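There are 2 protein chains.
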Amino acid sequence: MTDTGHNEMSWAGWGDPSRAAPLPEAIARLLSDGLGVSGATHVPASISDLRLVPTRLASETSDEIAAVIGEAHISGAHEQRARHALGRSTIDLLRLRSGEPLAAPDLVVFPGSHEEILALLELCSRRRVAVVPFGGGTSVVGGLTPEVGAFAGSVALDLRRLSGLVAFDAESRLATLGPGLRGPEAEALVNERGYTIGHFPQSFEYATLGGFAAARSSGQASAGYGRFDELVQRLRVATPAGTLALGRAPKSAAGPDLRQLILGSEGAFGVITELSVAVRPVPAERIYEGWLMRDFDHGIAAVARLAQDGPAPTVLRLSDEAETAIGLARPDRLGQSDGEGCLAIVGWEGSTEDVLSRHEGTTRLLRAAGAAPVAGAGDQWARGRFDAPYLRDSLLDAGALVETLETATFWSSVRGLYAAVTAALRDSLTEQGTPPVILCHVSHTYRSGASLYFTVVCAQLPEPIAQWRRAKAAASDAILRAGGSISHHHGVGIDHRAGLGNEIGDLGVGVLAAIKRTLDPAGILNPGVLIEG
Amino acid sequence: MTDTGHNEMSWAGWGDPSRAAPLPEAIARLLSDGLGVSGATHVPASISDLRLVPTRLASETSDEIAAVIGEAHISGAHEQRARHALGRSTIDLLRLRSGEPLAAPDLVVFPGSHEEILALLELCSRRRVAVVPFGGGTSVVGGLTPEVGAFAGSVALDLRRLSGLVAFDAESRLATLGPGLRGPEAEALVNERGYTIGHFPQSFEYATLGGFAAARSSGQASAGYGRFDELVQRLRVATPAGTLALGRAPKSAAGPDLRQLILGSEGAFGVITELSVAVRPVPAERIYEGWLMRDFDHGIAAVARLAQDGPAPTVLRLSDEAETAIGLARPDRLGQSDGEGCLAIVGWEGSTEDVLSRHEGTTRLLRAAGAAPVAGAGDQWARGRFDAPYLRDSLLDAGALVETLETATFWSSVRGLYAAVTAALRDSLTEQGTPPVILCHVSHTYRSGASLYFTVVCAQLPEPIAQWRRAKAAASDAILRAGGSISHHHGVGIDHRAGLGNEIGDLGVGVLAAIKRTLDPAGILNPGVLIEG
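Note that the protein sequences, when read in sequence, are chains F and X.
Residues in the first sequence are numbered from 6 upward in steps of one, following this note's numbering.
Residues in the second sequence are numbered from 6 upward in steps of one, following this note's numbering.
A couple of the hints might just be wrong.
[Claimed, not checked] Simulated restraints on C-beta separations:
| hint | chain 1 | residue 1 | chain 2 | residue 2 | range |
| --- | --- | --- | --- | --- | --- |
| 1 | X | P378 | F | E365 | 23 to 33 Å |
| 2 | X | R198 | F | D432 | 32 to 42 Å |
| 3 | F | P27 | X | L361 | 49 to 59 Å |
| 4 | X | T357 | F | E197 | 40 to 50 Å |
| 5 | X | A71 | F | D432 | 45 to 55 Å |
| 6 | X | T357 | F | A289 | 23 to 33 Å |
[What the hints assert, rightly or not] Partner residues are not named here, just some residues of chain X that face chain F (Cβ under 8 Å, in silico):
| hint | residue |
| --- | --- |
| 7 | S177 |
| 8 | T181 |
| 9 | R221 |
| 10 | A250 |
| 11 | L251 |
| 12 | A259 |
| 13 | P261 |
| 14 | S270 |
| 15 | A283 |
| 16 | G488 |
| 17 | I509 |
| 18 | G515 |
[Unchecked claim] Which chain X residues face chain F? A few, computed with CB under 10 Å, are given here:
| hint | residue |
| --- | --- |
| 19 | G247 |
| 20 | S356 |
| 21 | V516 |
Derived by calculation from the structure, the hints in this document are not laboratory data.
Here the structure is a predicted model, which is why all the values come from computation and not from measurement.
Ideal Cβ placement from N, Cα and C applies to all residues, glycine included.
Produce the entire structure from the sequences given, and follow the hints as far as they go.
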């Protein structure tokens, strides 16, 4: 094992255990008084307490893999298997806490090159061993728990050793990077040269560039910098059928854009081994502000205007009344008709001149829409922008069920989608005896539409996984009927496979299956993720 | 036939014959004195003089098609066959002039609905009849001359009857339109409502929305409005395997973006029967200016800065020294080292405030780069922006060989690509005894790169098609070696199929073939276009 320098994420939850946050008093009171949450849940004391299903991989296959990757870069140890067994959805975390034996890869491999990955894929195709590409391990849609029962074993392909700056082209503002780089590592490499990628999703601190690309990630500043799938200009992909090298220009009319097939393929078509992403100069100026809108309806109209007519801010999100009440630490105001209004976070990044000019234009539009500034709210958001997953761990510890889901649609359907998903979640959980608190914000805006990001909190039932699956199915049905997409930026994984099928139809699924058969004839890559294996 | 209201394009050349332009005196002198062009070429006197290969379609198949589409909406008449036989590449125009019998569809059909097209595709799959989707007929890459020899006949599927405004969603700024609408017709429909699509390629006046989408068109104002593939938000596609309905949100993480597979599929995967495109308010202000840069090298650096750091203009193009000399009507200065410099056309469209602000920012940057304004050059460009194809007709009439080609790459490769393509064209044509004039401009700019658009003029040899194919092959090789894409916005068709294969490799071609097999199992759609049939 060569990974001593790797800053491992908490095996049982999010990120750095030393940053785990106790529940704010107001939230604790909401749980106990408002939602009837009582009593902490069981958390395994140490990673060695986790039970894993036995390994199945034949030892001669292990030996062959060791010959390809190098003995020093493979591990079948309990801890490595456990660390690569799950993503970070609430279902994943509940499984960790369930005491049931966890499915886990038989072997974890840490290849050092594109060529080693090609050889591994060839070998695993021949031996019918499933391969699960593993970046930061932060999937929240079951992207790391494929269906491997039909295979002779499974291997987690951890990309952390592909973490270099391969090339830096300042003239084209392109950084060619390894897929195993986590967000902060990649930022540091380009920051040194005066540039930023500008991609800051909530998973930024632990997720990797390869994962951002494979799952079509969208960051908090995507209104300004673009989604990750817009930043990726060039891809090198190792597949069981060989290498794909895609992207000779920012845009082309040389047939369909095959980059857009790999972006969103979630490791089911191939392994991204190198990617070139657009960079911009490190912004000289960053301003984040909070603005209070009268209500969600007026707020939606105002952020749509900003997205459509500009000047476009770099960050733009709008909380509904409930999320605003929680965000402003007034959970007692939840559900009251004389609420606080709705908080928008508006941010600008860029050169001083550019930021001042856009700030002035945006401010004029916000004031004209009747919004009022909220002192300190922007900076507070910026300080805590990557912290929500820590709060989820604390909520789960306290016995709450908490999860997020997200969707997107065109502006004329945003309000209907909001109402439909909220009602579906509330009805499903209330019927189950656990009336929830549901928070929502418009998380990403475009000229023609926006995404909605929901957070749901309620008391855990004795079977919390089944409880959540029922609520999630109701929400997914509501999304389909209201015209939304099953995911704006979390991806498909196993959890959204049915939703994807409903969205693109059997023929669309047939297209994806045909592509998979071409690139991965033995079907070893992340089987069951994206489409049925 | 129901098409009497349709403003037919000249059967022998571009557009409206009454707008045909005589050659400017300076150009005529350049041809005779500089390039040795002598004597007009043969042009058929009327469409009835064109010889067409005999039809092959069985009459019972014709009858079946008539039953699906309606007798009034199909035609096997000589004129309709001739009008649907070719696109508008120079090779197409030379074929028209060659006197050789032209391959032409056996039948032209004008379906009126998505359902009729589905039924037609089912029928033609069963009867093994090739189907060629036909929009404006403006392909310049052989997109309308597929390889139909292995089929029981071929049908041109003219989309002109699918030309409605299906829906207008002002809140989402989305217009849902029929694919058969030409550029000006679509603009008129949205202009009435106060909006513009903003897509103005050189083919604007005759090309259709379906063609823009299927070929990944990019307009002259794409720096401001985006490419057509960026404007398309939703697609309905009829394929032999059924219907694809794609796009539930501006952006999504629900797997790979399948819209990007249809965009660029050039009628080989399915027929776009409806599309929703982003619209913007009709600009209150439009300013176009000409700026003279010291030379192409300095000009490239300046337009790259504008594209990267902004404020981004709506229109941005930069001619090289040769194109500038011709554009400023000084062909006598061609090739002189004390040239005029390089002309950039810079345009701004939008609200008055937005235009004035960006104009000020751009102007500051241009002056800092040493550029000087050229009175009247911007307006002159705007007046003639759709006229170049008329000039080509006149040049062909005069006995010149003239064609354009285009490519794109990242900024750090732009100069190398320019030098390589220029040298390849010059060497190939000079070796053939017809030294050319080669003009070039940067036609579209992005943060990470740009496109280059070349115009080549020389004397025609007795076999001008072979002459041009040889030069084009040399240019395509040079593009591949210099890292460019085989097309930035013209598309693939038949002409660039080999270039596409070199660009995406056998595995990429295999992916396209697998998609085609799924959507078009009998391979009837535009056979040979994009990939081998």
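Quick rundown of the hints versus the structure:
1. X:P378 x F:E365: 23 to 33 Å: Cβ of P378 of chain X to Cβ of E365 of chain F: about 28 Å, so the range 23 to 33 Å holds.
2. X:R198 x F:D432: 32 to 42 Å: Distance hint for R198 of chain X, D432 of chain F holds at roughly 39 Å.
3. F:P27 x X:L361: 49 to 59 Å: holds, 54 Å
4. X:T357 x F:E197: 40 to 50 Å: holds, 42 Å
5. X:A71 x F:D432: 45 to 55 Å: holds, 54 Å
6. X:T357 x F:A289: 23 to 33 Å: holds, 29 Å
7. S177: holds, 4 Å
8. T181: violated, 11 Å
9. R221: Interface hint status for R221 of chain X: holds (4 Å vs cutoff 8 Å).
10. A250: holds, 7 Å
11. L251: holds, 7 Å
12. A259: Holds - the Cβ of A259 of chain X comes within 8 Å of chain F, reaching about 5 Å at its closest.
13. P261: holds, 4 Å
14. S270: Since the shortest Cβ distance to chain F is 6 Å, the answer is holds.
15. A283: Hint holds; A283 of chain X Cβ to chain F Cβ min 5 Å, cut 8 Å.
16. G488: holds, 6 Å
17. I509: holds, 6 Å
18. G515: The hint holds - G515 of chain X has a Cβ within 8 Å of chain F, the shortest such distance being about 5 Å.
19. G247: Given a least distance of 5 Å, the restraint on G247 of chain X holds.
20. S356: holds, 8 Å
21. V516: For V516 of chain X, the interface hint holds, since the closest Cβ of chain F sits about 5 Å away, which is under 10 Å.
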